[in-house]
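Chemist: Starting from the structure of chain A, add chain B where the hints point.
Here the protein sequences come in this chain order: A and B. Each step along the first sequence adds one to the number in our numbering, with nothing skipped, and position 353 is 353. Each step along the second sequence adds one to the number in our numbering, with nothing skipped, and position 303 is 303.
Calculated from the structure, these hints are not laboratory results. It is possible that some hints are incorrect.
As the list claims (entries may be wrong) - Partial list, derived from the structure: chain B residues whose beta carbon lies under 7 angstroms from chain A:
#1 Val206
#2 Val329
#3 Ser369
Said to hold, decoys possible - Computed list of chain B residues with no C-beta within reach of chain A, every gap over 12 angstroms:
#4 Lys11
#5 Ala17
#6 Asp28
#7 Glu52
#8 Glu116
#9 Pro248
#10 Ala249
#11 Ser258
#12 His270
#13 Glu283
#14 Val299
#15 Leu304
#16 Ser337
#17 Asp355
#18 Glu356
Unchecked claim - Keeping only pairs whose Cα atoms sit at most 20 angstroms apart, straight-line, the calculated SDA-like set for lysine to any residue is:
#19 B:Lys11 to B:Ala74
#20 B:Lys382 to A:Leu288
#21 B:Lys346 to A:Tyr90
#22 A:Lys27 to B:Phe237
#23 A:Lys361 to A:Ile407
#24 B:Lys461 to B:Thr295
#25 B:Lys339 to A:Asp143
Just so it is clear, CB atoms sit at the ideal spot from N, CA and C, and this is done for glycine as well.
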Amino acid sequence: MTIISEAILNKYEAVIGLEVHVQLSTKSKAFCSDSASFGNEPNTNISPVSLGLPGALPYTNEAMIKSAVKLGLAIQSEINRFNYFDRKNYFYADLPKGFQTTQDNQPICKGGKLKIILPDGSSKDILLNRIHMEEDAGKSIHDLDPKYSYIDLNRAGVPLLEVVSEPMISSGEEAAAYLTELRKLVRYLDICDGNMEEGSMRCDANISVRLKGETVLGKRCEVKNLNSIKNVQKAIEYEITRQIELIEEGIVIEQNTLNFDANTGITTPLRSKEMANDYRYFPEPDLLPISLSEAYIQEIEAAMPALPEQLVVKFTQEMNLPEYDARVITAEKAMADYYLAITDSCENCKAASNWVMGPIKSYLNDKGLSFSDFNVAADKIAAIINLVEVGKLNNNQAKDVLFPAVIHHADKDVQDLAEELNLIINDNQDELEGFIDATLAKFPDKVKEYHNGKKGVLGLFMGEIMKISKGKIDPKKANQLLISKIESLR
Amino acid sequence: MLAETTYNYSKLEDIQADIRSGVLRLEDLVTFYLDRIQQLADLNAYLEVFGEEALAQAKEIQNKIDNGTAGKLAGMVIGLKDNISYKGHRLAASSKILDGYVAIYSSTVVERVLAEDAIIIGRLNCDEFAMGASNETSYFGPVKNFADTTKVSGGSSGGSAVAVQANLCLASLGSDTGGSIRQPAAFCGVVGLKPTYARVSRYGIVAYASSFDQVGPITRSVEDAALLLEVIAGKDFYDSTSSKEPVPAYSTLLNNSSKRKIAYIEETLHSEGLDPEIKQNIEAQIQLLRSQGHTVEPVSFEYLDYVVATYYILTTAEASSNLARYDGVHFGYRSDSSKDLISTYKFSRSEGFGDEVKRRIMLGTFVLSAGYYDAYYSRAQKIRRLIKEKTEHILEDYDFILTPTTPTPAFNMGEQPTDPVVMYLADIFTVGASLAGLPAISLPSGTNKDGLPLGMQIIGKRFGEADLLSFSKYYSELDKK
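Chain A with its partners taken away, still in its complex shape:
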């Protein structure tokens, strides 16, 4: 690749639309009762329906419909009241029926929007075209045998939602933000685990470029097999540059389907438009159309969990958290839930936020765990915060000594543990005065410096007081007393 200048790149804009396959975490498959779980022995979750045996007929899993409605409501789509399925006909070894059951003309959700937050803090609404329901294919495994391919049909028939954005994403960065938001949403709604690496969310990107100000779209290429948010961003960035280069060289872009190789970071043609299938869609005659009543949709709406954007508003407006904190905490549903659980038992929301974003998150990160794996009940953290609040516990001691102990003895009472560890602040005034007097006596020169206006030496005194008291003092109180003592020595 030749390197083209920033100036040339800036003449162009990219137009990107994403198709995301969200694999639903329903118990059973889309059109039969076979388990939809991931990671079982190959070809164990299969019945005549999954196998496409002669005479087998599908029946619709209501949990798939419900998941689709949930996601549709969350992104403010119009929910289609009259749904039917279509057959998409094509031959492939891991598609046992020779057609995929999907929705063609009448998707369950039309329109909608997703607000994305970019790294610079700005936001943009990405409009959605549709969400439709369909079934997954099985898996072909080509690298187990030199001569034959193996087929695992456990995944055949697992329900998917295909989420199609309007072509209004303009960079790899925006695409990454969009996927991050979408993943967050499906996790909040508990309809998909959102693990792109395991294939629970798969993304195809349609990318074209055009000169800024141009209204006609350029020829687009579709990049497939994007299995992480990072790769989506990389593939898009690569593809934008590639297309601009071709145009600059006067070469016409071919409308191809491309494969992205995550190892080399480049895209290569998979098939050309001429090789495109004619899928011969027609309404699936083996399934009855499904009408969704107003009451059904309202029932789902009423049971919807709070969504990240709603939580951001609640955290900033009702709980007075900085927007930064609110965004960090809502990035993960389990984290937001944990934060909320702490605030059930303590007043200081900011302290709860600090604990969640600070010691707890770094502990979990170190261990490679997530908030849902955290073994310490939220009310224990609340108890720690409350001890600090009332001046019985030093905040640093709380983080460095008590917190690890609480993790270790998650069943023990926090107050008891703090006492056992001898961390409860002594409110004996005489003892505190003794520490202060000893400190001031130790550093007479520094006392002089203070009297000469060098207030900074207070830190040194406090450090010494902490040291000799082994931290078991209320720093606020100690600070006040220290100042009054040192002033009285003038």
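Modeler: Below, chain B alone, put in the same frame as chain A:
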């Protein structure tokens, strides 16, 4: 050898009476059928006989009868069309492409007849994937008409009709997509009922055209048709298109001799290619019914010229998709020339399917293709709706619609026209009820001068099988000279 007359039962009720009175043992009846199947093997009605199993079932069910615990089909020996899945048994849809396939589950209809103690004696020949009207598209060869073995059985349920006609079982299950029960029943002089679409579960039936296929009985009496339907009909969780409409006890609702209002379609009697004897026969039936005090009136059905084309566009479209699963990858026949995925598809399907099936797959693929969908598939759907509405409209004023079942009697074997469209026109009277999803029955209405059976079709109202069957029983008992 057992005398045929001894075991020439026309209905289950008589068998059950003889067993109860001790005149008949069920095992002897089964042995009779097994011997007779062997003697008449040349008819080619059976593809496989489940002899030992049937005898074992007979023993068990005889005990149940003796103990008074038998189901309502106890004593009924039936054959299954080779497109009905029966666990542990071969299933081929009379095609090479299902070579070696053994069903791992039973269709709902099989489970239901077994639960009522029917005995399944074997697998019956049919047109390949139920596509054909003469049973000559079967990979296993044609079925001969027992009335004249130079004539075809009709199809696609040819084996099912001949087995009942030749007393190789008391009753059989067939399937009807555009006449596949009614037309062979007419050719063979037996009773063939296609139920209302959605009346009977399609789970486990090798699909030809999903929005048309229905399983139904082929019997020697209306009573047995009613009884079998009563057993196999009803909502099935495994077929989401099956209807929740309650199933009446048809067999107990057969006595109704009220005066009926019947329409016959004027155009059918003037249609090109209608055999003159059949025309006479149907006119005679009309007169007969009138003489019994029924109102029989001509009505016009302006869509008659469109029914065959509409039927073939829609059924082939569905078939092209339904038959995609026979690809040589997962089960059934795989060509030895398969080198990779594409050659596996190409060779297995080219070698595994017969000409008629290939023709219909290609036609169906064509009518669904981009650029042709609106001109064919979409338009045919619209015409289907018009046909349905028009037929239902007629049935608002009349109890039944009456037509000949077929335009000709059973034709010569090997006489299949080179132009398949001429062959397709043989379905002209039967596809209407299929397009409309209405119940229709073919009843023997006499014979022609050569002794070939003729059939009369009666189309009923949606889920109006009880009425249709009671009138059929009444008609079948009329003296037709």
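Chemist: So, for every hint listed, does it hold in this structure?
Modeler: Structure-based check of all given hints:
1. Val206: 4 angstroms, holds
2. Val329: Constraint on Val329 (chain B) satisfied, holds at 5 angstroms.
3. Ser369: 6 angstroms, holds
4. Lys11: About 30 angstroms separates Lys11 (chain B) from the closest Cβ of chain A, which puts it past 12 angstroms; holds.
5. Ala17: 36 angstroms, holds
6. Asp28: Answer for Asp28 (chain B): holds, closest chain A Cβ roughly 34 angstroms.
7. Glu52: 25 angstroms, holds
8. Glu116: 21 angstroms, holds
9. Pro248: 23 angstroms, holds
10. Ala249: 27 angstroms, holds
11. Ser258: 35 angstroms, holds
12. His270: 34 angstroms, holds
13. Glu283: About 38 angstroms separates Glu283 (chain B) from the closest Cβ of chain A, which puts it past 12 angstroms; holds.
14. Val299: 30 angstroms, holds
15. Leu304: Holds, since 25 angstroms exceeds 12 angstroms.
16. Ser337: Since the minimum Cβ distance to chain A is about 16 angstroms, Ser337 (chain B) lies beyond 12 angstroms and the statement holds.
17. Asp355: Holds, since 20 angstroms exceeds 12 angstroms.
18. Glu356: The assertion about Glu356 (chain B) holds, with a minimum of 18 angstroms to chain A.
19. B:Lys11 to B:Ala74: Answer holds: Lys11 (chain B) to Ala74 (chain B) is near 12 angstroms, not above 20 angstroms.
20. B:Lys382 to A:Leu288: 18 angstroms, holds
21. B:Lys346 to A:Tyr90: The given pair, whose Cα atoms are some 14 angstroms apart, holds under the 20 angstroms limit.
22. A:Lys27 to B:Phe237: This hinted pair holds, its Cα atoms lying about 19 angstroms apart.
23. A:Lys361 to A:Ile407: Status holds; Cα separation ~13 angstroms.
24. B:Lys461 to B:Thr295: 17 angstroms, holds
25. B:Lys339 to A:Asp143: 17 angstroms, holds
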